[in-house]
Amino acid sequence: MAMSKFKRLSIYIKPYWSKMALAMGTTLLLTLTNIPVPLLVKYLVDDVLAKGNWAGLNIVFFGIVLVFLVKGGLSFLLTYLITFLGQRLVLDLRRQIYRHLQRLSLSFYDRERTGKIISRIIDDVDLVQALISNYIITIFTDVVTLGVILFIIFRMNWQLSLVCLSVLPFYVINYRMFIQKIKSASQRTREKMDEILGNLGEKLTGVSVIKAFGKEEHEIRLFQEQNLERFGLRMRQGVLNIYLSSTAGLISGLGTALALSFGGYQVLQGALTVGGLMAFYSYIGFLYNPAVRLSEVNSMIQQGVVSLNRIFEILDTMPDVEDKASVILPRIKGRVQFKNVYFGYSPDQFILKNINLDVHPGQLIALVGHTGSGKTTIVNLIPRFYDPILGSVLVDGYDIRKVQLNSLRQQIGIVLQESVLFDGTIADNIRYGKLTATQEEIEKAAKTANIHDFIVSLPEGYQTKVGKDGLKLSVGEKQRIAIARAVIADPAILIMDEATSSLDSESEAQIQEALQRIMKERTSFVIAHRLSTIIEADLIVVMDNGEIVEMGTHSELLAKGGLYSKYYEEQFKVTTTLT
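So for the sequence shown, our numbering puts the first residue at 1; every next one is plus one.
Any given hint could be a false lead.
Straight-line alpha carbon distances no greater than 16 Å define the calculated EDC-like cross-link-like pairs of lysine to aspartate or glutamate that follow [claimed, not checked]:
id, residue 1, residue 2
1, K7, D316
2, K203, E216
3, K402, D387
Hints listed in this document are in silico derivations from the structure and should not be mistaken for laboratory results.
Could you put the whole structure together from the sequences, leaning on the hints where they help?
This is how it looks when you write it as structure tokens:
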């Protein structure tokens, strides 16, 4: 399982394989620099000090200096290569995840919390970067070191080498005892962090509600409880890591004690020199330190593997709405047809049932019904935010599942009830509807939405920063900018989902005339609670429980005395009472 994940990860490393190979080669050379110093120490003790060889001191001095100069240069090069590889991996992996997220359907975002997604892009990618740039290189270094040192010590003294190796099985037992527990603890810790980030995102977005109800202390307590749970999980993970590394250190201490005891015995027997024992002792450090480090690194690798699994979980998520068609939708006139459409978020529960509708170019269609009746779901099928389970949606005779998504959506303008503006200038937000738009086109769209005069009255005009989510603007101003953004690309189809419900009477009056003009030139779908705004619609579609129960003009539906007539009478009574 883990190997298959690493195989997939290697795809992202492949473009930089030459630098990875250079890093591996540098690692090998760096490992070889560990060989001379113990041999120089042996030479110092056995030949220089024991025999009074003054000239040999220079050899030892310059030899050690040269080794560390080479070691320093190789360390610098290796650090640079590791940093480069790690940061390129972060760049490429985040780009791939974000690109994939943009291609996923709205249904994915309906079920996943924002904090969880952000955690995958930021925290998990960082852990994978550490996995590659630190731990994989460390493992390679330590494995090479073990191989080289084993070769050297067996050449020096095979009996003493066997004594050293006698403790290695205990490293394996120790590793197998803890590694699965560490992986499980790491998984639970990451899941808890997802939960915390998800809640944090929700609460920061809804901070006005928290303050309105005076629930600050309640939220502080909940946040603290979640963090305490994560603290407990993190401590368990940390304790397991400590157990693993501590027992590995204990095993290495046991091996060192055995080696020195047996080596001392050989010195007393005359089978080994003091310098030879000192050199061997140095090599023992090079042998056991990697073994201990491999135990520590493996616990960190499990965290990286968990993050890798979480990243591939997103990348393996397929969009419910797939864009596989090669047909580019030409410039459309705006005819929209629903043929026997059934839709539900699960196949066994339909939200829309048997929807049949034929809308001609330039018509204004009003969708009416109680909350949850299916109005918004119908219009969400037109730009293929979702696909019907049964039936089909056609635009100008084209089944929209058989045309390229982008060529469809570029010809549809959408204005939602809650206008979403991005942190940037007013011009940037309007231009978002057509990235190649000129300043003249931006101003034309703003005039159409009756927001131009307001914009030019601002000190910085179209370059005014709107703040996070348009914080510096009123609801009506945000909505008119959103309308300008929707019409700047001259869409053939316009969808207005409760687009004027958030406006006060003055703001609504300012844009109502402009909207009438805009919608007459396009096929327009309007969802409105205020029935007074859709009296002139060419066709009013009345929804109830996911079905179309009535269709007709305002006067025709009033004459029927059905559900629409009831809605109209209820609103008329409310309006009369308020007046």
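Status of the hints after comparison with the structure:
The hinted pair formed by K7 and D316 meets the criterion: a straight-line CA distance of about 15 Å does not exceed 16 Å. For the hint linking K203 to E216, the alpha-carbon distance of about 10 Å falls within 16 Å, and the restraint holds. With a C-alpha separation of about 12 Å, the suggested pairing of K402 with D387 holds against the 16 Å cut-off.
Figure legend: structure checked against the earlier numbered hints; every hint is met.
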